[in-house]
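A.B. asks: If you follow the hints, you should be able to join the two separate chains into one complex; please do so.
Listed below are the residues making up each chain.
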Amino acid sequence: MILSSLVNASRLQFAMTAMFHWIFVPLTLGLGFIVAFMETKYYIECKRNNNAVTQKSEFWKRATKFWGRLFAINFAIGVATGIILEFQFGTNWSNYSWFVGDIFGAPLAIEGIFAFFMESTFFAVMYFGWDKVSKKFHLASTWLTAIGANLSAVWILIANSWMQYPVGMQFNPDTARSEMVDFWSVVFSPVAINKLFHTNTSAFMLACVVVIGISAWYLLKNREIEFAKQSMKIAGVFGLVSALLLAFSGDGSAYQVGKHQPMKLAAMEGLYNGENGAPLVAFGVLNPQKEVDNNEDPYLFDISIPYGLSLLAERDIDAFVPGINDIIDGGYTYTDYNGQTKTALSFYEKKERGEAAIGALRKYKQAKEAGNDSLKNSAYNVLQENFEYFGYGFMKDHNEVVPPVALTFYAFHIMVILGGYFILFFLVVLHFLNRDARNKYKFESQKWFMYIAIISVPLVYICSQAGWIVAEVGRQPWTIQDLLPVQASVSGVSADNVYTTLAIFFVLFTILLIAEMGIMFNQIKKGPENIK
Amino acid sequence: METLQFLQLYWWAVVSLLGALLVFLLFVQGGQTLIFSTASSDEQRNLLIGALGHKWELTFTTLVTFGGAAFASFPLFYSTSFGGAYWLWMSILFLFVLQAVSYEFRNKAANLLGTRTYDIFLFLNGVLGTILLGVAVGTLYSGGAYYMDKLNITDIQNTTISHWANGWMGLEAIAEPFNLLLGIVVFLAARTLGSLFAINDLDTASQAGKELSARCRVQLKVTGIAFVLAFVAFLVMLFLRTGYAVEEGVITPVKYKYFFNFVELVWPAILLLAGVVLVLAGLGYAMFADENSWISKKSFYVTGGGVVLAVWALLICAAYNNTAYFPSTVSLQDSLTLANSSSSLFTLKVMAYVSIAVPFVLWYIIVVWRKMSGKHSEY
Chain A
0 MILSSLVNAS RLQFAMTAMF HWIFVPLTLG LGFIVAFMET KYYIECKRNN
50 NAVTQKSEFW KRATKFWGRL FAINFAIGVA TGIILEFQFG TNWSNYSWFV
100 GDIFGAPLAI EGIFAFFMES TFFAVMYFGW DKVSKKFHLA STWLTAIGAN
150 LSAVWILIAN SWMQYPVGMQ FNPDTARSEM VDFWSVVFSP VAINKLFHTN
200 TSAFMLACVV VIGISAWYLL KNREIEFAKQ SMKIAGVFGL VSALLLAFSG
250 DGSAYQVGKH QPMKLAAMEG LYNGENGAPL VAFGVLNPQK EVDNNEDPYL
300 FDISIPYGLS LLAERDIDAF VPGINDIIDG GYTYTDYNGQ TKTALSFYEK
350 KERGEAAIGA LRKYKQAKEA GNDSLKNSAY NVLQENFEYF GYGFMKDHNE
400 VVPPVALTFY AFHIMVILGG YFILFFLVVL HFLNRDARNK YKFESQKWFM
450 YIAIISVPLV YICSQAGWIV AEVGRQPWTI QDLLPVQASV SGVSADNVYT
500 TLAIFFVLFT ILLIAEMGIM FNQIKKGPEN IK
Chain B
0 METLQFLQLY WWAVVSLLGA LLVFLLFVQG GQTLIFSTAS SDEQRNLLIG
50 ALGHKWELTF TTLVTFGGAA FASFPLFYST SFGGAYWLWM SILFLFVLQA
100 VSYEFRNKAA NLLGTRTYDI FLFLNGVLGT ILLGVAVGTL YSGGAYYMDK
150 LNITDIQNTT ISHWANGWMG LEAIAEPFNL LLGIVVFLAA RTLGSLFAIN
200 DLDTASQAGK ELSARCRVQL KVTGIAFVLA FVAFLVMLFL RTGYAVEEGV
250 ITPVKYKYFF NFVELVWPAI LLLAGVVLVL AGLGYAMFAD ENSWISKKSF
300 YVTGGGVVLA VWALLICAAY NNTAYFPSTV SLQDSLTLAN SSSSLFTLKV
350 MAYVSIAVPF VLWYIIVVWR KMSGKHSEY
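Chains as they are written, first to last, in numbering that gives the first Met the number 0: chain A, 0 to 531; chain B, 0 to 378.
Because the hints were derived from the structure by calculation, they are not lab data.
Even for Gly, the Cβ is constructed at its ideal location relative to N, Cα and C.
A portion of the hints provided could be inaccurate.
Straight line, CA to CA, 27 Å or less: simulated DSSO-like cross-link-like pairs of lysine-lysine [unchecked claim]:
no.	chain 1	residue 1	chain 2	residue 2
1	B	Lys209	B	Lys220
2	A	Lys64	B	Lys370
3	A	Lys131	B	Lys107
4	A	Lys131	B	Lys297
5	A	Lys131	B	Lys220
Taking CB as the label site, the calculated pair distances span [claimed, not checked]:
no.	chain 1	residue 1	chain 2	residue 2	range
6	B	Gln156	A	Glu295	31 to 41 Å
7	B	Tyr352	A	Ser444	58 to 68 Å
8	A	Lys220	B	Val221	23 to 33 Å
9	A	Pro287	B	Ala356	48 to 58 Å
10	B	Ala338	A	Ile503	15 to 25 Å
11	B	Ser40	A	Leu11	41 to 51 Å
Next comes chain B alone, as it looks inside the complex (with noise of 0.2 Å):
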């Protein structure tokens, strides 16, 4: 294997990480969605969101370094799914800008919006930022309907390399059955990892936060199984899906072609039965284990984990064994793939040792989440 195929292999597993922890740390958003329904008073609500207000920041970080690690090793999918699906990146940043500031500003004085305004932003990126954000990971399977000639650069006229075909701007996705399961399978992840985080994190010496992490154990039952079903579903459709190959430079389409990439790497089928097998795992224990059990309150860090196996597992096989992901859903062999949409030789390199320090920002990632886990303060 060349090295630029090589390094184009490792920095889309590296991406597909970052996406996959970003949907297990969306668990922030899914905590959000609980804050209306779940909490049941303005106590518990103050207590739910200051444990997640420790993490927003996380969560946060994760997706714009997702999103700049995308920009450096793949910028033509930056550049076309940016580019072209405006409104729905725009409708994802919007809502993720509203619930930057609201963990800060809820609960100040003189805040100008008033507290409830501030929960309201936090539950509609809760609700809309994990299923926008679904819909937008699905088009890596479902494509987009846009043009791409890199040779349009030289006609002064119209020197635009992606052009999207259609005025919607991305916001068709969103009625693409596909696209809209599986944002529904992220938000109801989220909200699945919201519940048991707060199982997990909130402080139970309280009564609110005694009987806040009861109603958690109680909305998990519905949530999860939703999750699991919703999830099963995608599972189907996707292996059923016609995906698209790549051979020397030239896409054709293939049905069945998710199913056969996991069958043929083999490897990321196990990922992915092992990520199925711990969140049953993960939830299993939550709902039916002594509520008081160490593997009870730790289900959080179980489920969570194999989230991101399967995600990465999902993701990897959206562009492994040569497959065109992002497929272009009006000039098929516009599609991108790794090799047309990649950085050159020299910045993966310089970035795969930039990447050598990832387990570093790991490790002390894992030690402050340690410290500072259990018994928050009000926001």
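Chain A on its own, in the form it takes in the complex (with noise of 0.2 Å):
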């Protein structure tokens, strides 16, 4: 019960710690690089003009600090929440730290060598350097910036990839923990790779949105009419390309989960028993009285597209896809990531197995203290044969593997169809534009299209968060997948400690959340005007 509370206060801590920097990361992830093509626009201005200044360079300089500037409050608030997370890994999950903190830390310490000097570096060129740098050094600052900002994202997501999906390792029962014996696989495994596209573009699609929501604020107050569609433009296209893209790896995300964390995908589809030619549920109402053990209707309401998971998560619409109570009860056949065909074991023999595992770490150092070589070898191979559910022996019964589904199930869903939603939205932006260019009317005039752009900017953040939401609930209990749950990774601190710590964050936040919004919104009535 003590150690269940301590469990609670940590997760949500961290949980509320993520999901507050992910509302300024992709911003700035994206609004690095629409800077960026803005300056570039200036940039080239100025060198067709032989630097002279023009009415159109001019443009582009004000509409590159305009939005350089949101990037900015955005940037600090973004690296002031970076740094929590960060120390959180250690103060509240000290033994998922030295448990796995020989292949974690390394991509962390990438991060701030490569990344962290390279954005905030030239932050400071791109903020403070107007007047102090060439026009050329300048430009080459921001997209380093944005370059930046971006690579930091991808060591992260390497590291949050890893925990997925954990290779490139092996354990050493001499350090009790996890070691690296391969980087590349670790950096270049399919689960990283689809993350690390999934994630970014979907901060492409999150800034464009909200630069579109911004210029429509603009055009729908009769202000900056041409800058609002100047940024639209870009924005619109950016956002469509970078819309399609997180569709297509959103599938590739969709099929690895499959492949790793079959009870993650079970828990997204609300699916407690699998079958072959499994529907997909394109929307659905969840029956709350829905429990592993007891047969009700998973579904009050579902509307399904026939053989759609099957597909999605095999690429064959007539193959087997676990359920819930499958994946408890073990006994289904299915194909690893190897092309092998192999018999999943249930709950209970991968708890036997995982305890084993435990079991065989106990006698291996009892036996190394003891000198008694036989003994620590057979321990040694005991430990190896069972450690793939190493995790499991930390379980009391089947309801602690399950994540929480229905916040799993909505957020998956409300995810899928605002990404679909905003394919269509970016579609008719472009439309819109490209009629406006043609004469044939002015985009201005469709008053309703601007409050629906406006609506958009915070769903498009319920979007992006949303996906954090399906990623990290969805993989509960587990902070490495099969080898380590939350229960052990913890650190040893009472749950009132954290508590507090937790009541302080949640008060900065909220204060921090209320002031940067103030200034956001500030800057946004006064506009690119006055800027010079």
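C.D. replies: Below you can see the structure in the form of structure tokens.
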């Protein structure tokens, strides 16, 4: 009970910080490139006119500076919340930090050395250096800031992907931790590649929707018409390309989840009993009475696409997709990533093997201390044979390996529905801009769409947060898939201490969010008119 | 020497260098402590914060990278110290979060709390942030009240590897005079460097800049001398302190261990001595040379370089020469050593390749620093 309270407090604190961090970071990731596009236009315009000031060059300079200001406001708070996450690995997940620090720490250090310094060094030039450095150096700094920000994301996403699909490692009983044996398989794991594309393109999409939403507000107010349309043009094209790549990488991510985290996939779909040719629930309402151990129908209502889930998860419309009960009971056959056909173990078989691995580790240490080599070797063999289920040894019963189904299910469906909506949204924006350019009608006369564009801004944030909820809540209870559950990852801090820091963070984040939104709204209200 | 042992020493040197650079870059925090007393008007305050505001990200990034590198190369330290001295690290964290937003928010309209509140945040970060960082670093020598057993992972009822032995969760480190003295030294070093930075960087063409620069010179005479005295007191305490030697995994107390580390290794002693000479030279130039002379203006870099060398030497000697760093005050044999707390040979090797890029990173930071120095707009 005490441990569960500590685990909940630690999870809540980490989740709150991560979600707060992710309010600011995606905007920075996408806006950085949008600002860089705009400054490139400014630079080209200057070059064309031998550095003479023209109306067009001043236009792009103002646009660059305006969006750059919004970038800067977000940047600071993104940095501030990023360090909290880094500290929390140690303060709240100290067991985790030792158990996997050998693998997880390396991307974090590389991130610091390569990406953070690039981002922060060139950000100072981008923001303060207009009159201090040449146009070329400034443009290069803006691009390097955008690239640095995205590189930061790359390394932490590699680390996160490794937690979902732990590859390139081996457990060392002498140090009682997992150790890296293949750096490149950690960096280029298929889960990491998909996650990088999916997360970064989602951030680009978010930034594009924000730019379009703010521009729509100007059009609605009949202000800065040309500025708004040009901004929308860049964001529309960048957004559409990003949204399409997002859908593509989303499909890839779902396939990877099916291969490596079948329980997460089952929770995403609310699938309790698997089947061949499983349908994909396009829209549904879950039955709140449904639990693992009862026979209630999982859905109160659903609209499904026949064979959709089998196609998504296995690339085969007739393939079997296991549900939550199947994964607990085992006994079904599946093809692993290496193309080998295997029979799934039940939860209790995995638990038994996990306990065997933990017991073997204990025996290994005792034998080593006693200098008994034969016992040590046999314990080592048992440990290696069973290590892939190590984390199951910490579980009490099967309910512990089922993630919160409703939260995962609804977050997944909200994300997918909104993701689809945004493809349509960008197409409509580009269509209207095209008509406007051909003088068919004025884009600003479509007031109804301006309202939709403004409402889309909170929607894209919901979509983005929902994505992380699917990724992180869906993999509960694992900090490292199958190897380390949350209860074996936490620090030896009392729950009261964690709840106190949680309360402080909550108050701090609320104040910072209100302040940040106030400043952003104020800057938007002021507009780019007075920027020199 | 085995490759693993070499890489453990290498990475301790790299992490220590990052720590030393961090202490130098705390001039930003030191400058923040001047915004109410030394800066006597809003104009002067804006000038000072404007100058510091171009550099805060660098300090912040170095702190993050210092943490990341410590995590990657010595994960057991990260796990034991952060997870145990919970409130000490959390307090540092809160103070740095406040700083990060304050530069960006303080002068913006609709910032909710008003400029003065953000300036108070900067001041608090400057004073308490530096002191608490010093206290945390002090625990590398004075230790912490923890038990550590990696085999605890096999005890399903209680899997925590490191346990803190008291309910203060690190706050008790502040009450340890040695740690507190180091905290004060770091604070005074930061404030000294902050004053020197202001003298070096402020645009004295304006009346406000000229006045502020003159006030920083006056301030420097008090802070600089206090810094030197406090540093000497800290060195005496450190050299008289009992440290802990590790021989084949067994840890034993050794009187004057840190003093002997300097004497036996020699090169850290040379680094320390060179650092002290540079610190004194920089302070001397700033206090006594002609105010308009080049050397007086550049004394920030001379003293700063001295601080980097001295801190690097001190951190090196916390773990080199078979010394247990961050010793356990309740269970000596649980103390951390380079051997029992580092990452694996493979990971340290991978990161060693990565560290080849560090000079390149330093190069572009210096290029940008030079291009961005002088004549700042107000924040």
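A.B. asks: Checked against the structure, which of the hints given earlier come out wrong?
C.D. replies: 5, 8, 10
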